[in-house]
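Chains as they are written, first to last, in my numbering: chain A, -13 to 323; chain B, 23 to 345; chain C, 14 to 536.
For lysine-lysine, the following DSS-like pairs were computed, each having C-alpha atoms within a straight-line distance of at most 30 angstroms:
no.	chain 1	residue 1	chain 2	residue 2
1	B	171	B	219
2	C	182	C	95
3	A	32	B	187
4	B	266	A	32
5	B	219	A	32
6	A	1	C	369
7	A	32	B	275
8	B	323	B	92
9	B	246	A	32
10	A	32	B	227
11	B	272	A	32
Only part of the chain C face toward chain A is listed, based on derived beta-carbon distances under 8 angstroms:
no.	residue
12	354
13	357
14	363
15	372
16	373
17	374
18	375
19	395
20	396
21	397
22	439
Away from chain B, derived, C-beta distances all over 12 angstroms, residues of chain A:
no.	residue
23	-7
24	1
25	16
26	84
27	85
28	86
29	94
30	97
31	159
32	186
33	193
34	207
35	208
36	217
37	311
38	316
These are calculated hints, taken from the structure and not from any lab test.
None of these values were measured; they are calculated from a predicted model.
Where is the CB? At the ideal position from N, CA and C, for every residue including glycine.
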Amino acid sequence: MANSSLTQNLGRLKKILASPAGRAFLALALVLLVGAIFNAGGAFFKPGTHRDALRQMSVYGILACGLTPVIIAGGIDLAVGSLLALVAVVCARMAIHWSYPGFLAVAAGLLAGTACGSISGLITARLRVQPFIATLAMMVFARGLAKYASGGMKVSTAILGADGSYHYVEVPALFRALDHRILGGNVSVVTLVFAVCIAMAWLLMSRHQCGRYIYAIGGNEEASRLSGVPVVGIKTLVYAFSGMCAAVAGICQAAQEQQGDPEAGAGYELIAIAMVVIGGTSLMGGRGGIGLTFLGVLTIGYLDKILSINAVPEAGRLVLTGIIIIIAVLTQRRQRA
Amino acid sequence: MPSKFKTLVTNLVAAITVIGFAGCGKQETSPTPGASSTSGSQFIIGMCQCNLGEPWRVQMNADLQAAAAKHPELKLICKDAQNDTLQQRAQIEEFVSAKVNLLIVSPKEAQPLTEPVAHAIEAGIPVIVLDRRLMGDKYTCFIGADNQKIGKAAGEWIVKALGGKGNVVELMGLQTSTPGQDRHSGFMAGIAGSEIKIIFSADMKWLEPDARNEMESALARFDKIDLVYAHNDDGAHGAYLAAKAAGREKQVKFVGIDALPQEGVVYIQQGLLDATFQYPTGGAEAIDTAWKILHRETVPKEIVLGTRLFDRSNVAQGGVELK
Amino acid sequence: MKFPQPAPNAPQPPLLRMTGIGKQFGGIKVLEGVQFEVRAGEAHVLAGENGAGKSTLIKILGGIYREFAGRIELEGREERPKSPLHASELGIAIIHQELSLIGPMSVADNIFLGRLPARAGFVDRAVQEKQAAYWVQQLGLDLDVRQPVEQFPIAVQQLIEIAKALSQKARIIVMDEPTSALNAPEVHKLFGLIEALKRQACGIVYISHKMQEIERIADRITVLRDGRWIGTASAAELSAPKLIQWMVGREVSEQSPRHASHPGRELFRGENLSVFPRGRSRRPAVQDLSICVQSGEILGLGGLQGSGASELFLGLFGAYGPAVRGSVYLDGEKVELNSPRQAIQAGVALLTNDRKATGLVLPLSVIANATLADLSRLARRGWRCPNEERLAAETTTSSLRLRAASLDQPVGLLSGGNQQKVAIAKWLQVRPKLLLLDEPTRGIDVGAKQEIYQLMNEWTAQGIAIMLITSELPELLTLSDRILVLHRGRSTAEFSRAQATPERIMAAAMGSGSVSSCVKSNN
Chain A
-13 MANSSLTQNL GRLKKILASP AGRAFLALAL VLLVGAIFNA GGAFFKPGTH RDALRQMSVY
47 GILACGLTPV IIAGGIDLAV GSLLALVAVV CARMAIHWSY PGFLAVAAGL LAGTACGSIS
107 GLITARLRVQ PFIATLAMMV FARGLAKYAS GGMKVSTAIL GADGSYHYVE VPALFRALDH
167 RILGGNVSVV TLVFAVCIAM AWLLMSRHQC GRYIYAIGGN EEASRLSGVP VVGIKTLVYA
227 FSGMCAAVAG ICQAAQEQQG DPEAGAGYEL IAIAMVVIGG TSLMGGRGGI GLTFLGVLTI
287 GYLDKILSIN AVPEAGRLVL TGIIIIIAVL TQRRQRA
Chain B
23 MPSKFKTLVT NLVAAITVIG FAGCGKQETS PTPGASSTSG SQFIIGMCQC NLGEPWRVQM
83 NADLQAAAAK HPELKLICKD AQNDTLQQRA QIEEFVSAKV NLLIVSPKEA QPLTEPVAHA
143 IEAGIPVIVL DRRLMGDKYT CFIGADNQKI GKAAGEWIVK ALGGKGNVVE LMGLQTSTPG
203 QDRHSGFMAG IAGSEIKIIF SADMKWLEPD ARNEMESALA RFDKIDLVYA HNDDGAHGAY
263 LAAKAAGREK QVKFVGIDAL PQEGVVYIQQ GLLDATFQYP TGGAEAIDTA WKILHRETVP
323 KEIVLGTRLF DRSNVAQGGV ELK
Chain C
14 MKFPQPAPNA PQPPLLRMTG IGKQFGGIKV LEGVQFEVRA GEAHVLAGEN GAGKSTLIKI
74 LGGIYREFAG RIELEGREER PKSPLHASEL GIAIIHQELS LIGPMSVADN IFLGRLPARA
134 GFVDRAVQEK QAAYWVQQLG LDLDVRQPVE QFPIAVQQLI EIAKALSQKA RIIVMDEPTS
194 ALNAPEVHKL FGLIEALKRQ ACGIVYISHK MQEIERIADR ITVLRDGRWI GTASAAELSA
254 PKLIQWMVGR EVSEQSPRHA SHPGRELFRG ENLSVFPRGR SRRPAVQDLS ICVQSGEILG
314 LGGLQGSGAS ELFLGLFGAY GPAVRGSVYL DGEKVELNSP RQAIQAGVAL LTNDRKATGL
374 VLPLSVIANA TLADLSRLAR RGWRCPNEER LAAETTTSSL RLRAASLDQP VGLLSGGNQQ
434 KVAIAKWLQV RPKLLLLDEP TRGIDVGAKQ EIYQLMNEWT AQGIAIMLIT SELPELLTLS
494 DRILVLHRGR STAEFSRAQA TPERIMAAAM GSGSVSSCVK SNN
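Here chain A stands alone, though its shape is the one from the complex:
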């Protein structure tokens, strides 16, 4: 009697673990376990460490939110790192140098990011250029635009006067508000922004008809087209959404650096893609979800933090992170077969 319920429960556990969410949880749990063991003299258990880890992963996580619909639709967006920089520069210019109110700077930044994303989307969907190429071109273009708009220097609170000397202004309220801690100093505002982005992306993918269309296109584009799905429109939408998330990330980045750095975000797109993939969303498209991405962000984010508090040297970090990414992807693959 007891035996059969045990085997029943084990069977159920096996089924849960075999599901994508289960495997993502498992990966995260393992990383947290490693952190608990290598806790750097108790530092891992301090609430401040977790708050900081969440703050640290938020910008990448916001990028991953925008990338998930794109990847599920069967595409890829390499431009998000450059768009982050572009919007950081635009926002910093408006908020610091021209002293526009915060909401205008945010609106301009969001507009810039969404516009660039839409262009990538149109080039991919209407002109049938491969997403890799189209977004690579946008990546280069946006980076150039960022450098042009910033004059090659960081847009900071130090402003060049006519006589060649620098005077400095106050950090704008927008930045102060974003780079702030609330709830008794336990949660960073950017973490909340990340949470909002997760929620928005989740609503889009799970509750809106566009989300269903996105899954359909990623699963079988031709069958979707022949079922009346507006393929061109949806593809453009996902890239625009990705651009918008990159813009949000750029604004948060600028706030946390208190400057708009045209070199910011270099390489961020690959980390964000890794987060999406580790969560369990397939690069082939048609499968995955925002919840999985959230777990993937936590996994890589915490891994980073654990390596950092243990002062693991750079070479070791790169090797370990690479190995863990491969292992995570392999365990996903085995389950599918």
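Dock chains B and C against chain A, hints included.
Just chains B and C now, with coordinates in the frame of chain A:
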């Protein structure tokens, strides 16, 4: 109709890509007003910068042009190689065939650019090499700073500031690059013999967000941090912001390197950093040396630039020169 | 390659003799007891409907299927081709319908693929090009063998394939529907070539379903039906009607319920339709077709491969974009359907002939697939209503008697028959006026087929107009109220149910006749 549209936008995409690559840095900068030519002895100086992506190099070009503006008989033409060795090589050869009077080069890499510079020398054009060395000795003059000396100076300042002992966090620049290694080894030499302890060190790759993340880890682990030594001002700034968020910025001193007027020096003025050490661009010295060469004076083969210390006590006076 | 010379007065064994050939996949027998023989210097036509077993037989000969029952003899010697390379070493060359040339590679490289003339491992380019040029010239072609093959038109590519076969010193050359992409003068040239090959004592196996060609080229004809050998006769002895009878002659059983007609008003009319799937500059798949369907009626489209029926459906559904010339009227109103979305909104639905590739999104659930075409209507201002979707899916799938463990499971896990039901459910959901069904019972077991026939009766009773493509003649005959036969994009015959017989349909499908359908009826 559709195919026409397709061609149009394909061209647009191509144009975007080309502009994008071009936008990675300014192409040519026109000479500053005041250096306009009058007939007579006018000297044309060609300047080949390896990239204008780093603010420090933008500063170098700014310094060069400011210095050149003071000499009306010097006309400075700047080219940007966009961090492409082959492009830099081509630009040097262009200057040589244009028969400029003098060449200033800040090379991306030593090995591939040694020969084009040697050709320039053989063609009778004097060459000043800035900041990064070439191989061999086929150039007229090398002007550069010494990161090891700067690191040592920082170390010595830190020993003095902490009274010989204390807990220090070192946030390092890319340890696979020479400046990062030199700023570290110099620092270690500077604090040798004291009771300064490096309790936490991490490679923040010159990036501010990374420095901030590492500093947060350090703050989580250690209750007592006396000073943060970052290999550049961006890193020091990031560390400062981390400490400020934790409410511990008053307990920690912050030391950086580079002292760009709009970054490091401003941070000192604002009271964010305690000290920074200038990594001089050598722009002014290059023009000076160029002027001497063009007026047939002898110049040393190597000019090692000193550094300037900026701290709260002397920032208003523009820092203090250190030998 | 030298065959051993037989003794002077002994009867010459045929170039190829296949006896007792059988092949099964799983438990399904696709060939049984087939015999086939080719003599040197003859052009032997292999004929049969779709699914008769012709390609399977050829694949066995070509070494693609290694396991088979029976015996193959080449000039009296028993051989079993173990691979395509082995088959070509034995002197067998197969020119498939889908050309096997590699586009970006040069003509010379293609001709010598797998047999590169080499010296110590290094390819001797000069030798290769010279030999390739020689073979190409034999076919009357004058081209630069260094150019990539994809630059040349299909007709030339086909000749390059033949050159490849010749360079392999093949004695048996199989041509599978070689004229599908050729125009009349090119066909003439090809036939001249076949004559030349015959004179060189090669044996040609020619697969075609075009009556005109068979009459022109065949020395002997072998007919297969349902995987069995029906007969072999010389072309002189086998008249066209007899050939057709061999191809289709079977008892048309009365098992399936005869469709009860409910014809009503004219729902769909197409006048002078031409469909250009690959753009206006290429050949159209359908030319000058006039067609009409009434509500409650099932119009069956008969035809063999290349007839253009599937392309007609895709064109009408807007899948090729604005690629249809001519006028289309739906329910009396002129419409232009330039995208599937427009077609669905106008009340047209298309069930494609390949549910896995173009009909269903396999990773998505049954509910998701069943509601995919109607999602905007089921949603509230863009926000999905999962309850409404589930309800809709339950309704449509239960009316189809779908058997699935749960409606939330991915359709990829369902059986073929159930998958097809989900695809059908998707189209029921949009309540179409005109339903285009392309091979609706392909790959489905008998029980499910019967259910679908039953459903088609119900749909026509509701007033839906149906156009049906099916390659199974009995199905076509049972279900259709009227049958329109297509051949190479044009209509060749139209039959009412009473007039239709398998032989007449097959004759029309093979090219005889031409008819303008849809005399304007007075409604």
